[in-house]
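Below are the chains, spelled out letter by letter.
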Amino acid sequence: MSLFSLGYLMFNGILLILYYTVCRRKQWILLLAASLFYYTLLSGQGMVYLLLHALVTYAGARRLSSLEDACRIRRKDPSLDREGKKKVKAAFTRRKRVVLWTVIILHLLVLARLKYWTDLFPSAPSLLLPLGISFYTFMSISYLVDVYGGKYPAEQNFARLLLYLSWFPQMIQGPIGRYPDMAPQFQKTHTFDSDRARRGMLLILFGLLKKYVVADMLVNEISDLFDGPVDGLPGSLIVFGILLYSAQQYADFSGGIDIVAGFSSLFGIELAPNFRQPYFSTSLGDFWRRWHISLGAFMRDYVFYPFALLKPMQKFGKWCTKHLGKHAGRVLPACIANILVFFIVGIWHGAQLHYVLWGLYNGLVIALSDLTAPFWTGLANKLHMNTESKGFHVFRIIRTFVIVNIGWYFDRITDFRSCMTCLARTLTHFDAGHFASALVQEFCTGSDKLTVFGSMALALVGCIVIFVVSFRKETGHDVSGELMAGKPAVQGVLVMLSLMLILSSFLFTTSAGGFLYANF
Amino acid sequence: MQTSEHRIGSKRIRIIGIIALFVAVFVLLNALLCFLIEPYRPSGYEMWEGFRSKTTLDTVYVGTSEAECGIDPAVVDSATGSSSYNMATNMQDLYCSFDAMRTAVEEKGITRVVLCLDTDISSMERKDNSRAEENYILARARTESASKGLKDRLSFAFSPEIIGTSASLTLWFPWIYNRSFDVKKNVTEKLSGAVSDPLGHRDENGFEPNDVVTENPGFVDREDAESFSTENDLTKPELTDSNRLLLSEILMYCRSHGVTLTVMALPAANVFNMYDYDAYLAWTKEIDDLCAAYGTHFYNCNLIDRNVLFVPYDEYKDVSHMNTKGAERFSAFLATFLEADPETAYSWFRYSRQQSADLF
Chain U
557 MSLFSLGYLM FNGILLILYY TVCRRKQWIL LLAASLFYYT LLSGQGMVYL LLHALVTYAG
617 ARRLSSLEDA CRIRRKDPSL DREGKKKVKA AFTRRKRVVL WTVIILHLLV LARLKYWTDL
677 FPSAPSLLLP LGISFYTFMS ISYLVDVYGG KYPAEQNFAR LLLYLSWFPQ MIQGPIGRYP
737 DMAPQFQKTH TFDSDRARRG MLLILFGLLK KYVVADMLVN EISDLFDGPV DGLPGSLIVF
797 GILLYSAQQY ADFSGGIDIV AGFSSLFGIE LAPNFRQPYF STSLGDFWRR WHISLGAFMR
857 DYVFYPFALL KPMQKFGKWC TKHLGKHAGR VLPACIANIL VFFIVGIWHG AQLHYVLWGL
917 YNGLVIALSD LTAPFWTGLA NKLHMNTESK GFHVFRIIRT FVIVNIGWYF DRITDFRSCM
977 TCLARTLTHF DAGHFASALV QEFCTGSDKL TVFGSMALAL VGCIVIFVVS FRKETGHDVS
1037 GELMAGKPAV QGVLVMLSLM LILSSFLFTT SAGGFLYANF
Chain E
237 MQTSEHRIGS KRIRIIGIIA LFVAVFVLLN ALLCFLIEPY RPSGYEMWEG FRSKTTLDTV
297 YVGTSEAECG IDPAVVDSAT GSSSYNMATN MQDLYCSFDA MRTAVEEKGI TRVVLCLDTD
357 ISSMERKDNS RAEENYILAR ARTESASKGL KDRLSFAFSP EIIGTSASLT LWFPWIYNRS
417 FDVKKNVTEK LSGAVSDPLG HRDENGFEPN DVVTENPGFV DREDAESFST ENDLTKPELT
477 DSNRLLLSEI LMYCRSHGVT LTVMALPAAN VFNMYDYDAY LAWTKEIDDL CAAYGTHFYN
537 CNLIDRNVLF VPYDEYKDVS HMNTKGAERF SAFLATFLEA DPETAYSWFR YSRQQSADLF
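Protein chains in written order, with the working numbering: chain U, 557 to 1076; chain E, 237 to 596.
Among the hints, a few may not be true.
[To be verified] Simulated crosslink set (PhoX-like; lysine-lysine; CA at most 25 Å straight-line): (1) K290/E to K1005/U; (2) K247/E to K1005/U; (3) K247/E to K1043/U.
[Stated by the list, open to error] To spell it out: a stretch of chain E is covered by chain U in this simulated footprint if at least three of its residues, at any positions, have a beta carbon under 8 Å from a beta carbon of chain U; those stretches are: (4) 258-266; (5) 391-399; (6) 406-413.
Since the hints were derived computationally from the structure, they do not count as laboratory data. We treat Cβ as the ideally placed atom computed from N, Cα and C, and that holds for glycine.
Work the whole structure out from these sequences, hints included.
If you want it as structure tokens, here you go:
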């Protein structure tokens, strides 16, 4: 179901009316019913996987909690000495670990079978990929690990856990919500707040603008460029195409997140922020703390730190300190952990080679930059460069933008040979002089110029709007708050213009179009 | 207390006023865009206007623009004595074809329908062709009463295939899909109330004439189709499940209402350039078998004996649409075809590879 459709608007409209009137006392039950209904509508048989998944997660977490309780009781036994208590704890920890890993491996096996099997074994029978399986699998893992670690007790009510996993706005493309952030919000009774509603609607409008005025306007041109033969393309056009993808990828993903976050906030449920002006990042590491924030946070908390803190890794760190120096000892284990993290991030996007390469590229660049940090700091000092200046800050932003865009080569150009050709031609056949003629030839063959350039002009307007809003946010302004506090006439004009831009985008749309991340 | 209540009341009135003003400006803006961007007398509207003006009709032709440009009812009528009308519209899917023929049966009491099945349309889902259907609905609504028009729009917007798509919302903004960017021409024609250039407009029988002759980029004839398919990666046409269901419903409807249904594919110059030969034969057979279950046949004019019908390439205005000459030739054939015994007519078509080899 499109997020810009009568169906989705009516679904939310009816739900909101019931939520704040008839079902005020049992709001969370209404949300659960709505989420399950929505999921069944979109994913049909996928509901079976979701329910079984939730059941296994629930049972696993309850078992972990009961083992934790049993351990606590046993350790209170006055006959046990300190050594005895340690042994009891170790025994129960082993049992808990078995439960935890059994459930996690089971979930990952199901995910692997449904998502990756036919990529690895094309002749194998394919199964329908349930909507949002990657997201709710990661959410389950975070919940189970937290319960294992004793951060909070397991949820006693299966229905509440199911709501956490199936909350419909986050089903299509995240974010990957954390249980302690979401659960209290579902349990609370919410009253209608007009300010919150206005903010939510502004966020929805902004998300629609990103998705339709920018992302959908560029998708055909990017496809024309990179899904066909690339051997004769000038490097200048390839770079232009990558920049278009840079805009499209961000607008599509963050636009979708804005829309679902906006709808979720109308119910008083705030989703975790997933984007924070990523193209203003000053390093690739910073970029990954601003892009798909929930995925980065998940990887940090459940892959990076656990891996880096493993005994073998700690031993390796000590060995590096002894033989390679303090810096290497501190940084090398983290580098390896980063490479592993981004390898998983790549695989999470898909089992295809280009995703794996994209993930590894990001991991290697971050690792390399951490390793060589002292060199660059030393160089800056020698050259008496003021690294705190605004100019240097801008340099870092541009440098990071270039590094990120090199990564997009691997992400977007799915054929490995074409990807390598494009990279090579960017460097060896830049050919700026033929950019205009090549652009017309590539984009206007089979399409009329008005549609092509009209859509790109609209996308440019959208990009300018996004840039202005992002810049204001980056410099600490509450853009929604400023708009809401402004004159009604100004608000009206801006909302009207946004709506007209969104509607105008359909003048140039030639395909139905979904979200890039909808199959995750 | 009174003052506070009065303040709250004033605030509410102010908010309502602002919202009302916003809605009014929004409606006016959209009306202005409709005036500037919507063409004067678009093709779909002309079809419905002409249809509603007919007092007697016994036959209608439904299908896509291939049929709109390829069948001249005047030629057919003069040969057969029938009274026919061309209800084909751009990218008309089976859902709209069914709607058109049902309307013709209910309003005009027609007894014959020629359904021109387009290969691309048969491979598309309804939601992927929503733009064309929106225009069909809007054009139809313009020739009906306000309440009927609104009912048609709501019926479209709330249909299961459409309610979850953007089309359910963009339907209410006609300028989005029914547009011509020649704003000067749009405004001039609307103000003068007259069409400035007849090109692209229909005659009183719903036919759209056009004298353009296409260039031949190397159209593939049937005798070379098999080898061309082997050497090139061509599209494989398919009949989607939903279209199969719709076609069955159409066949059933016509049988139960005593309407003679002729299902055919019109000649297209580029058919063997575009479609894999074996897959195209298989697609034809599938539809033929489906029609046979309802006592009729599928007549694919791209697989007909060339001695019976061949439209030369200079009688096309582009790769798949016949020009006026081509339409004249095809319509004359159609007249003969409709008068012929169905089994005799069926014998003119060569659907298997063996039959194809026999031809050459």
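Going back to the hint list, which numbers does this structure go against?
As far as the earlier hints go, 1, 2 are violated by this structure, in ascending order.
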